[in-house]
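Visitor: All chains should be modelled from the sequences, with the hints used to inform the complete structure.
Protein chains: 2
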Amino acid sequence: MTDVVEQGEEGLTKSALKKKAKEEEKARKKAEKAAKVKEAEQVREAAEGPDYAAAHYGKLPLHQSQSRPNRKRTDIATLSAKNDSEHVLLRARIQTSRLQSNKMAFLSLRQRTDTIQAMIAVDDKQVSRQMVKWAASLSDESIVLVHGTVVKSPESIKSCSIDDVEIQVSELWLVAGLEGRLPFSLEDASRSETAPEVEGQFSRVLLDTRLNNRIIDLRTQTNQAIFKLQHAIGDLFRDYLNNNGFTEIHSPKLQGAATESGATVFKVGYFKGDAFLAQSPQLAKQMAIAADFERVYEIGPVFRAEDSNTHRHLTEFIGLDLEMTIEEHYHEVKELLDGMLKTIFKGLKERYAKEIAVVGKQFEVEEFKWREETLTLTFREAVDLLVEDGVDREHLDDINTENEKRLGRLVKAKYDIDYFIIDKFPLELRPFYTMPDPNDPTLTNSYDFFMRGEEILSGAQRIHDPEFLCRQMRAKSVDPESMKGYIDGFRMGCPPHGGGGIGLERVLMLFLKLNNIRRASLFPRDPKRLEP
Amino acid sequence: MTDVVEQGEEGLTKSALKKKAKEEEKARKKAEKAAKVKEAEQVREAAEGPDYAAAHYGKLPLHQSQSRPNRKRTDIATLSAKNDSEHVLLRARIQTSRLQSNKMAFLSLRQRTDTIQAMIAVDDKQVSRQMVKWAASLSDESIVLVHGTVVKSPESIKSCSIDDVEIQVSELWLVAGLEGRLPFSLEDASRSETAPEVEGQFSRVLLDTRLNNRIIDLRTQTNQAIFKLQHAIGDLFRDYLNNNGFTEIHSPKLQGAATESGATVFKVGYFKGDAFLAQSPQLAKQMAIAADFERVYEIGPVFRAEDSNTHRHLTEFIGLDLEMTIEEHYHEVKELLDGMLKTIFKGLKERYAKEIAVVGKQFEVEEFKWREETLTLTFREAVDLLVEDGVDREHLDDINTENEKRLGRLVKAKYDIDYFIIDKFPLELRPFYTMPDPNDPTLTNSYDFFMRGEEILSGAQRIHDPEFLCRQMRAKSVDPESMKGYIDGFRMGCPPHGGGGIGLERVLMLFLKLNNIRRASLFPRDPKRLEP
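Protein chains in written order, with full-length UniProt numbering: chain A, 1 to 532; chain B, 1 to 532.
Read the hints as simulated data drawn from the structure, not as lab findings.
One thing to keep in mind: the hints can contain errors.
You can't tell identical chains apart in this list, so a pair holds if it fits in one copy or across any two.
Unchecked claim - In silico DSS-like pairs for lysine-lysine, Cα to Cα no more than 25 Å straight-line: (1) Lys267 <-> Lys528; (2) Lys484 <-> Lys29; (3) Lys528 <-> Lys272; (4) Lys476 <-> Lys26; (5) Lys30 <-> Lys476; (6) Lys228 <-> Lys346; (7) Lys484 <-> Lys26; (8) Lys29 <-> Lys267; (9) Lys133 <-> Lys267; (10) Lys484 <-> Lys528; (11) Lys29 <-> Lys476; (12) Lys33 <-> Lys484; (13) Lys30 <-> Lys484; (14) Lys152 <-> Lys369; (15) Lys158 <-> Lys484; (16) Lys158 <-> Lys82; (17) Lys476 <-> Lys33.
Every value quoted in this text rests on a predicted model; they were computed, and no experiment measured them.
Guide: So this is what it looks like as structure tokens:
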């Protein structure tokens, strides 16, 4: 008997099998649905008798764009006492719900960074006991469509961002419910990261748990604000450069050869050969300069195959890169970069105070400080400051991460600022394409920019002369033949130029003091994480 | 003896070898330079006797930011008769040079999309015969620093974009010269692509030759204009969406699993495992919607491992993608996309007339036409139009590229427009995540947008219900287990939503009728091209 069945199953064609499975699935679903509907009806009727509010609540059918009545939808953020007694229609998430009595329930409704209180109370024609019960039974994070009236609140509602009005619900419809349990509550995910934790009282959500369930994690008001600020940084960067005569370019991420440093490049199978993912748009930006673009910028992904598992490294991040011709001196570039960053800081502070405050509730945001005249130290002056503070000079051929932070603290203590520049790095610390200083061949025309003691921008004047470039490559043991296309780009005449590259996520992390770069990336990638 | 020498060489340490090579190179360079300088001096003196203009011209030393006199530089584009007799200082390329007599030479100076004539004429103290000769001897495409006086031109200078003034040169300095010959002249690279070619008279430059020498090719005024327009499209897209409440996101291009269709995805070595390059931000955009972002867009690279060698396929291109929640009907999305595209067309036409005209000199640009009320056909209506025109209905299960173009011609003939929409595509032509039509399960809530008979945008309402999504996946033979993370994203409640994706290069190519998408990409990538 078993044999026969197995043979029979195997005897079916693949498509017939699929069809069969589909039909079974369909029948099962139908039966399940009917049972659920019946159960719900029985419960209701047993409890309350026929429901006079039945037409005012329930689960909506799957939204397939069935109709278009063109009714206005309202944003929670726009509501205040001035809207008192207005009728509103809105879609929102249920952040929390609470059954006050068997006649009244409260919902906290959320849209992005805002919440408002909704009250649903039994009356004799619109809202029934069954409706109140159903409303309170909806899972947190359900999406609902709410009809209601704006009502001035007698006292400030502390639990909501809109604190002077609430919504008196007249209809409530479930747009999308949940299947299964939330991995963590948004309340837990929103707790202060800096307030002392009282044991047993509540729990914080670990970063890994958040990132494994990033879709839920991103819904917190904090994360909504963080990514509005990420968008703002990009816009401020772009506006500043557009106003300064720059052209936005898009350079290919697929490269024919491993450039700059082969060890940290991802290899891609490319038809019958190989390609490599660009570690930066450095070469493309410079080629655009050789092609007369004069001033270019690019906002795009940058790939680093470094097995670094630190708080500030990602394998894919967004580079804000620019390159420009130099007329007289590379400080033209340094000053433009400085002006751009200060414009970003100022723009965030002035136009995004609300979002910064939202993030500040979860992360201790010491206000980010800078001054109009940016402090610029030479590398030597920076080293001297560290030596004065007790660091051994012989460990200061380079300034490592630890000493960078120490320097940040020294500058903060001395000047009360979180932003400064170091100029004139030693030749041996910079890539082969960096222009040496005209007076001291051990130094270069290069700079790094720092926020809260961490590097966020690196840049320099580049070598635009092909012969000199080849010489410098050989001195750094890079074979000019391996980068022939790049060098050839300069043989047909290239103007003097310089530029810099910024990590978007680093600027965001350091401005807000998020302490881990993964919090500043929508779906972060590191050596151990490729999902979601 | 040979043995000894070889041993000796091999016996040196690597760094000593490098040092030796460096010293030899240095000595060689020094000798070479001295010889050149001497030769030049001899030539000069033999010809003309001592040169009273010697301090007014020559090759500048390598620009290493030696000084910063803060002298104002002038943009050619800003000059006109109003600047008559002003002294100017500017850096430009020599587009062409012509020795008129042994007392006078003309240079055509170029900055991006503009050219101006410069005259260098012997006088008795500033400009010598040697200086004129030297000026005329500079290679085309050399970069020079010019001091001079703006002089009103007695007649219109037809060969230059600035036609009412020229520059009388007083000093001329070579900033960067050329090593070797240009692969083609910019004059040849700028010839009309549509005017009939007279045999033997002049040659056009083939696309492959251009792309192999893209840095030179990009310098043409046409290409400078094309990439200003590419930048403009991105800015107009972004501004429109920023004004409509969208948040810009950056989603990872490195994916843990091959999504959508495994056959056309690039595989990347990722530490000890594999990753895949995102074929679109589709899944990430939808996850952002499930994470409450409400309205998102992304501008970023999209990778397609398709071995398509056509005029309109690239393996890497820039996607302009957006996704938004739907309140009542997916036409909200279609209308927003339509409004966005019309704003782009209008913005280009109104604000970039100059650049469009520059491109028009090389490519026959039939003016791109659209109307305020966009023509929208259903898929069925589009098929009917083709059938009326004589296409066999049974070949119209899908509308192939050839029939798309035919449809474009039909619409152009009937309505005199180059832009229209097709709505309601059959289910079998769309991906599994497309929402079916509520009334006809063989159709979907999906649309394509067309420019000059070619598709530039594809989009739809998406399925936001996880169970229904799994069912549709199985119906299209996609294993839901293979995309678990994606589906799980919808289990915690996702609002109804839709969106679309645009190819930036396609919009640019079709608006300007460039006929090949490679012309709309800075450094194009196709199955056969990974360089430069």
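Visitor: Taking the hints in turn, state whether each one holds.
Guide: Verification of the supplied hints:
| no. | hint | in the structure |
| --- | --- | --- |
| 1 | Lys267 <-> Lys528 | both (17 Å within a copy, 17 Å between copies) |
| 2 | Lys484 <-> Lys29 | between (63 Å within a copy, 20 Å between copies) |
| 3 | Lys528 <-> Lys272 | between (29 Å within a copy, 10 Å between copies) |
| 4 | Lys476 <-> Lys26 | between (68 Å within a copy, 16 Å between copies) |
| 5 | Lys30 <-> Lys476 | between (71 Å within a copy, 21 Å between copies) |
| 6 | Lys228 <-> Lys346 | within (16 Å within a copy, 28 Å between copies) |
| 7 | Lys484 <-> Lys26 | between (62 Å within a copy, 21 Å between copies) |
| 8 | Lys29 <-> Lys267 | neither (46 Å within a copy, 38 Å between copies) |
| 9 | Lys133 <-> Lys267 | neither (58 Å within a copy, 52 Å between copies) |
| 10 | Lys484 <-> Lys528 | between (35 Å within a copy, 19 Å between copies) |
| 11 | Lys29 <-> Lys476 | between (68 Å within a copy, 19 Å between copies) |
| 12 | Lys33 <-> Lys484 | between (67 Å within a copy, 24 Å between copies) |
| 13 | Lys30 <-> Lys484 | between (66 Å within a copy, 24 Å between copies) |
| 14 | Lys152 <-> Lys369 | neither (39 Å within a copy, 52 Å between copies) |
| 15 | Lys158 <-> Lys484 | neither (65 Å within a copy, 39 Å between copies) |
| 16 | Lys158 <-> Lys82 | within (19 Å within a copy, 65 Å between copies) |
| 17 | Lys476 <-> Lys33 | between (71 Å within a copy, 24 Å between copies) |
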